[in-house]
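Number of protein chains: 2
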Amino acid sequence: MLHRYFLQLSYNGTRYHGWQVQPNAVSVQETIEKALSTLLREPVSVVGAGRTDTGVHASYFILHFDLQKPVAAGYDLVYKLNSYLPNDIAVQKCWPVSGEAHARFSATSRTYHYFITTEKDPFSNETAYRYTLPLDVDKMNEAAQMLFNYEDFTSFSRLHTDVKTNNCKIYRAEWKREGARLVFVVKADRFLRNMVRAIVGTLLEVGKGKLSVAEFCAIIERQDRGAAGASAPAHGLFLVDIEYPEAIIHSKM
Amino acid sequence: MLHRYFLQLSYNGTRYHGWQVQPNAVSVQETIEKALSTLLREPVSVVGAGRTDTGVHASYFILHFDLQKPVAAGYDLVYKLNSYLPNDIAVQKCWPVSGEAHARFSATSRTYHYFITTEKDPFSNETAYRYTLPLDVDKMNEAAQMLFNYEDFTSFSRLHTDVKTNNCKIYRAEWKREGARLVFVVKADRFLRNMVRAIVGTLLEVGKGKLSVAEFCAIIERQDRGAAGASAPAHGLFLVDIEYPEAIIHSKM
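Line by line, the protein sequences are chains A and B.
Counted from 1, the first sequence has number 27 at position 27 by full-length UniProt numbering; the numbering is strictly sequential.
Counted from 1, the second sequence has number 67 at position 67 by full-length UniProt numbering; the numbering is strictly sequential.
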């Protein structure tokens with residue numbers, strides 16, 4: 001019988017070629033698998049809640065892994081794992097779950113934040129996209145509200161072989177001002193590859209006055225990736241929350 | 001007649017060998033002088049409000065410079081200067097002042113923040129000192145209050161030839177909790193070289209239970225740098241405010 005564990009972590013994506021293991025490039029997944037395998041003295045594979053792209057950050061991320069023999073998944077394990085991991089990946093929590101709990105398929109929602117700094121800021125070069133020209137944030141919010149009217153977001157996806165549908169349920173989509181920052185908060189049951197960055201890039205076209213709200217809707221309706229604006233840069237994007245049914249979040253112990 | 005200007009800026013000190021120009025090392029001062037000289041087409045020397053050490057940051061910094069010919073010190077100058085400067089130095093404002101205004105000698109107070117992160121945080125490796133073991137913050141605050149009883153801070157200074165006295169007036173000194181962060185806020189009329197980091201390092205000894213509050217006072221009274229604790233690391237320190245008399249802060253125009 002295998003023993004399954006959930007692990008909560010955060011990472012600064014700057015130095016990584018995204019979450020997923022790739023040949024000839026360092027990924028977050030690979031870095032964590034190496035640390036876990038060394039610490040637990042058995043080869044460990046991990047399954048992440050999602051696949052962030054190169055340069056994208058996560059202030060909240062969940063993965064699962066299975067072990068042949070159970071371990072005490074408490075403070076000690078977290079502390080040791082952090083000492084094996086580099087400074088830009090931090091583990092907050094590890095706990096046992098039932099064998100049916102799946103980091104990716106059991107998740108019921110994901111929330112992303114996209115940060116734009118409207119002033120030059122020496123402290124957010126890796127964590128916010130700098131855009132200092134005027135933006136009509138009201139219009140950007142008006143367009144963002146239109147996302148609730150649609151389910152098929154093919155126009156905001158990258159061609160992707162392993163998904164069966166391009167349907168997503170949007171639960172939240174809004175721009176907020178926080179001092180010299182703009183934050184786009186978006187929550188959905190699932191996101192297609194590249195979807196948040198494509199939405200942000202297209203909403204920025206609305207903010208610049210290059211697209212009307214009606215044109216934004218028309219882009220979604222066309223269900224064609226070529227129709228949308230350019231993707232916003234990766235370094236402004238943070239995965240900030242993932243929800244699971246209560247029964248899974250709680251330890252089985 | 002020379003025309004004097006104040007410039008407000010912020011910088012991430014990670015890549016710099018401090019504020020002051022040094023042989024064989026890149027300083028913030030030198031980087032700004034080069035940008036100003038190129039932009040204004042005359043050799044420009046700048047005088048900073050203080051001299052931050054290697055790796056120390058400033059979210060608020062003031063310098064002055066003199067020009068042979070007056071310039072329009074408005075939004076355009078700031079915008080162009082920012083485009084000449086690297087990402088880790090940002091200019092917010094430039095304005096003309098009278099010839100008596102001096103960035104360093106006219107300043108009536110400086111405020112520093114020292115950030116400690118009590119958890120591993122992938123996003124503050126350059127901007128907070130990580131210390132995850134328990135600290136008695138109440139005791140650290142009790143000791144910090146003792147700073148108000150003294151004026152001679154030789155024990156917290158580095159040997160320094162160009163200052164006449166080691167006396168400083170402390171206006172504020174307290175530790176605050178902000179989530180997983182501890183912030184030491186300290187304000188004084190002036191600070192000696194290395195003083196904030198030496199105070200923080202010694203207060204950390206109090207927090208770890210290695211020094212009592214009475215021993216902290218005895219260290220100050222000894223007026224001997226060898227008596228204090230090790231300096232806290234540079235990357236947790238931010239210069240955050242500098243005050244000037246109203247007549248100087250306001251533009252002479």
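It is worth saying that the hints were derived from the structure and are not from the lab.
Treat the hints loosely; a few may be bogus.
Lysine-lysine pairs mimicking DSS-like chemistry, simulated, CA-CA at most 27 Å apart [as the list claims (entries may be wrong)]: (1) A:K93 to A:K139; (2) B:K69 to B:K80; (3) B:K176 to A:K208; (4) A:K210 to B:K80; (5) A:K80 to B:K208; (6) B:K93 to B:K187; (7) A:K208 to B:K187; (8) B:K93 to A:K176; (9) B:K80 to B:K93; (10) A:K93 to B:K208; (11) A:K93 to B:K176; (12) A:K80 to B:K210.
A few chain A residues that face chain B, going by a derived Cβ cut-off under 10 Å, partial list only [claimed, not checked]: (13) L9; (14) D53; (15) T54; (16) D76; (17) A90; (18) T118; (19) P122; (20) F123; (21) N125; (22) T132.
Quick caveat: nothing in here was measured; it's all calculated off a predicted structure.
Even glycine gets a Cβ: it sits at the ideal position worked out from N, Cα and C.
Outcome of the hint check:
For the given pair, K93 of chain A sits about 40 Å from K139 of chain A by alpha-carbon distance, which is inconsistent with the 27 Å threshold. At most 27 Å may separate the alpha-carbon atoms for a hinted pair to count; K69 of chain B and K80 of chain B meet this at roughly 18 Å. With a C-alpha separation of about 41 Å, the suggested pairing of K176 of chain B with K208 of chain A is violated against the 27 Å cut-off. At roughly 26 Å between alpha-carbon atoms, K210 of chain A and K80 of chain B fall within 27 Å of each other, so this suggested pair holds.
Restraint check: the Cα-Cα separation between K80 of chain A and K208 of chain B comes to about 22 Å, which is no more than 27 Å; the hinted pair holds. This hinted pair checks out: K93 of chain B and K187 of chain B have alpha carbons roughly 23 Å apart, not beyond 27 Å. Annotation: proposed proximity of K208 of chain A to K187 of chain B is violated, straight-line Cα distance about 42 Å (limit 27 Å). Distance check on the hinted pair: K93 of chain B and K176 of chain A sit about 26 Å apart at the alpha-carbon level, within 27 Å; holds.
About 12 Å separates the Cα atoms of K80 of chain B and K93 of chain B, which keeps this hinted pair within 27 Å; it holds. For the hint linking K93 of chain A to K208 of chain B, the alpha-carbon distance of about 25 Å falls within 27 Å, and the restraint holds. Taking the CA atoms of K93 of chain A and K176 of chain B, the gap is near 26 Å; set against the 27 Å cutoff, the hint holds. Using a Cα cut-off of 27 Å, the hinted pair K80 of chain A and K210 of chain B holds, with the two alpha carbons roughly 26 Å apart.
With 10 Å as the threshold, the beta carbon of L9 of chain A comes within range of chain B, its nearest partner Cβ sitting at about 9 Å, so the hint holds. Because the closest C-beta pair between D53 of chain A and chain B is about 17 Å apart, greater than 10 Å, the hint is violated. Look at T54 of chain A: its Cβ only gets to about 16 Å from chain B, farther than 10 Å, so that hint breaks. Here the hint on D76 of chain A is broken, as its CB sits about 14 Å from the closest CB of chain B, past 10 Å.
Taken as an interface hint, A90 of chain A checks out: its beta carbon lies about 4 Å from the nearest beta carbon of chain B, inside 10 Å. For the restraint placing T118 of chain A at the interface with chain B, the shortest Cβ-Cβ distance is roughly 12 Å, beyond the 10 Å limit, so the hint is violated. About 4 Å separates the beta-carbon of P122 of chain A from the nearest beta-carbon of chain B, less than 10 Å, and the hint is met. Hint on F123 of chain A holds. Least Cβ distance to chain B is approximately 6 Å, under the 10 Å limit.
Evaluation of the N125 of chain A hint against chain B yields a held restraint, the C-beta minimum of about 5 Å falling below 10 Å. With its C-beta approaching chain B no nearer than about 8 Å, T132 of chain A sits inside the 10 Å limit, and its interface hint holds.
The structure fails to meet hints 1, 3, 7, 14, 15, 16 and 18 from the earlier list, while all remaining hints are met.
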